[in-house]
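J.: Since the structure of chain A is already known, use the hints to place chain B on it.
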Amino acid sequence: MDWGGIFENTLRAAIAKDAIVFALAAIGLNVHFGYTGLLNFGQAGFVALGAYGTAITVDYYGQSLWLGVLATIASAVVFALLLGVPTLRLRTDYLAIVTIAASEGLRLLLRSVTLGDFTGGSTGLSGFAGDFYSINPLPGGRYGFGPFRYSSDTWWMLTVGWTLVLLATLLVWALMRSPWGRVLKSIREDENAARSLGKNVYYYKMQSLVLGGVIGALGGFVNAVATRSVQPDNYGTAITFFAYTALILGGTARIWGPVVGAMLFWVVISFTEGVLREAIGNEVIPSSFMSTTQVGQVRFMLVGLGLALLMIFRPQGIFGDRRELALDAR
Amino acid sequence: MAAPASAQDDDAGGDEPTEAARGFLFILVEAEDGGRDEKQPVAEVEITVRSADGEEIGSATTDDEGRWEVPVPGPGRYEAEIDTDSLPEDVELRDDDKQVQPFGLRPGQARTVQFPLGDDPRNVRSTFDEAISLAVAGVNFGLIIAVTAIGLSLIFGTTGLTNFSHGELVAFGSLTAYFLNQTLGIHLVPAALGAMVIGGAFAGSLDLGLWRPLRRRHTGLIAMMVISIGVGLLLRYLYLYQFGGRTRPYGDYAIQDRLDFGRLTITPRDIASILISLGVLIAVGLMLQRTKIGKAMRAVSDNPDLAASSGIDVERVILFVWVAGGALAALGGVLLGLAEQVSWQGGFRLLLLMFAGVTLGGLGTAYGALVGSFIIGLFVQMSTLWISPEIKTVPALVVLILILLVRPQGILGRAERIG
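Heads up: the sequence lines are chains A and B, in that order.
Per my numbering, the very first residue in the first sequence carries number -2; after that it's consecutive.
Per my numbering, the very first residue in the second sequence carries number 1375; after that it's consecutive.
Just to be clear, a hint being listed does not mean it is correct.
On the chain B side, residues computed to face chain A include the following (Cβ under 7 Å) [stated by the list, open to error]:
id: 1; residue: 1615
id: 2; residue: 1726
id: 3; residue: 1762
Chain A residues, not near chain B, derived (Cβ > 12 Å throughout) [what the hints assert, rightly or not]:
id: 4; residue: 36
id: 5; residue: 56
id: 6; residue: 74
id: 7; residue: 108
id: 8; residue: 134
id: 9; residue: 173
id: 10; residue: 235
id: 11; residue: 242
id: 12; residue: 307
Derived by calculation from the structure, the hints in this document are not laboratory data.
Note that the structure is predicted; figures quoted are calculated from it, not measured.
We put the CB at the ideal spot given by N, CA and C, even for glycine.
One chain only, chain A, in its complex shape (with noise of 0.2 Å):
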């Protein structure tokens, strides 16, 4: 068994790539869930949203990187406009429904033959993130200390990606500590409380599912200039599910939970991950009993158990507060 090269991987999942797009997409998710009580089950359609406008926008039509970032942005605006039209009035579990079976019928729209022209299909796109890493200012080559030792494209790809993590956290500690964020927290403590002083409920949601859904797009860009194209079948529903795994873990409605989450989410994954390959690997483990594509199977039995065990015996996560958290809220 080779521990090195496991602890290795382990540490450089903390600050890789995964961790920045599920820091991203918890952040998103901690606005709706943590802070305003909103059950969105489909983050994994803002995400893949994030990630086509860029490359669709660059290889369809041509355009420059940045308008791929402005329709990054406006096509998350328009799907929480559509989510939340119908069901923010309504009880929570209608938005819970309409946004897995939203994000899973884009998913089957982006992949579909019939889309072909725009989205690649099931193939997808790539080769619209050359704008992206040729206004890298980073010098050359490959630098780095101990396990993190990057070329220059990926170094830069983790500071523009590190940095956007940070200005989402900042935006939000900013946000809700302000009388806006103290409104979405007694929508979630008691909506009717909220309503009864004359806050409107409704656009409070709104405002809330919109400011989330674009955090989560965000993590979708970075996702596809990171891996330079984007595949449909990468934004399935599980997505959001990982986003919601590395949130509870970290604390839900704590300004660092989703990023502490998000970064020991991917050092469990990784270090478990590696650990089973190396023993498959070895015929530590048989092969008959286990293989290597079942390990990534693995990966994803072991979020729906920790997510359930989380839910049930700590939903509070790691750093929240339980006090911080009515998920009675309807």
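T.: Relative to chain A, chain B alone:
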């Protein structure tokens, strides 16, 4: 048989490391013995490949076997154009829009670009016949959704929980029946009954082992929904782990000749499936109306506290709902596996349609779930008259959003404040 897709992946060409576009030109000719249409190659046709900005890369002429290949310099986006003037006189491009076809290449990929020629064999059937056969499939599908959705709706009605892992109960049924049928060699009918018993027991044990303790702890409904998602994810990937990603048919009734009733042709399998679903739905309706436990279920749905104070054992009723819902979901799973083969994620796909159906009919109402699911199933199948089958669930989801805008309590739901 099915006509070739306009452009499909072909990663099989492993020995050629370089990127290329290639294809096979043919027309379909009816076989003399009335069997499968034969592919007759079309030779001497010129095909030109250009890069996305219009620069010509190369061209090729199809050989006697109808094959052509153009190597390209690297991955990227290209387009291929067929020279229609070089086609033989009696052969035409099926679709004029397909004269130029854009395609993308990944590194090392050799991609097949198809130019369908001649008449589409699928268009031989008239739209009317197509509509009839889709309506039959839709009735079957709608009834299957209805059978599975009763459990979802009753669980919601009695406990308030929107169970996001209900699709996994459906998949549990179809996979258990597959195991009994294909691994143990039991005939499908007893295997389906066995799957219902095991499915009911599984759902009951989920209630006893998980949901009842959570209700005792007064876990909130939102937390329970998230837990149901986690349970669903765990079960779904356990199925994938055990069953693998391929879809597989049952051992019995897989291949059947269609019975002919004038313009309506239908397999005995579909007739049986429709009759079984109808019988089960009527039985459930009678049970809800006439029997003591059915009345108790409706009472708990209406007001659990009042039901409890009038002497109904609410927990026992809820357990019964889980067992019955699980057994019905298992039956629906078997019927689904019969209609479109057994798959690890068939249940999850169905779940979204169940949601659409239940919401359309009215969340929490047993009869609403029936009507709404039936409409959704029929609608989903019929929509493939106009749209590609791969996105047939999308219109159902649009219906879901529209019904929430116009009549959020659903067709049969009572107008009451639900938000």
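J.: All the hints need checking, so say for each whether the structure fits it.
T.: Against the structure, the hints:
Hint status for residue 1615/B: holds, given a least beta-carbon distance of 5 Å to chain A, under 7 Å. Contact between residue 1726/B and chain A, as hinted, is supported at the beta carbon level, the nearest pair being about 5 Å apart and thus within 7 Å. For residue 1762/B, the shortest C-beta to C-beta distance to chain A is roughly 5 Å, which falls under 7 Å, so the interface hint holds. A cut-off of 12 Å between C-beta atoms contradicts the statement that residue 36/A is not in contact with chain B; the least separation is 6 Å.
Non-interface status of residue 56/A relative to chain B is broken: a Cβ of that chain comes within 12 Å, the nearest being about 8 Å off. Separation of residue 74/A from chain B is adequate, the least Cβ-Cβ distance of about 17 Å exceeding the 12 Å criterion. A Cβ of chain B approaches the Cβ of residue 108/A within 12 Å, the least distance being about 8 Å, so the stated non-interface status is violated. No Cβ of chain B approaches the Cβ of residue 134/A within 12 Å, the least distance being about 27 Å, so the stated non-interface status holds.
Look at residue 173/A: its CB is around 20 Å from the nearest CB on chain B, clear of 12 Å, so calling it non-interface holds up. Residue placement check: residue 235/A does not keep its beta carbon more than 12 Å from all beta carbons of chain B (closest about 7 Å). Remark: the non-interface label on residue 242/A conflicts with the geometry, its nearest Cβ contact in chain B lying 8 Å away (cut-off 12 Å). Residue-level check failed: residue 307/A sits 8 Å from the nearest beta carbon of chain B, not beyond 12 Å.
Hint compliance for this structure: hints 4, 5, 7, 10, 11 and 12 are broken, all remaining hints hold.
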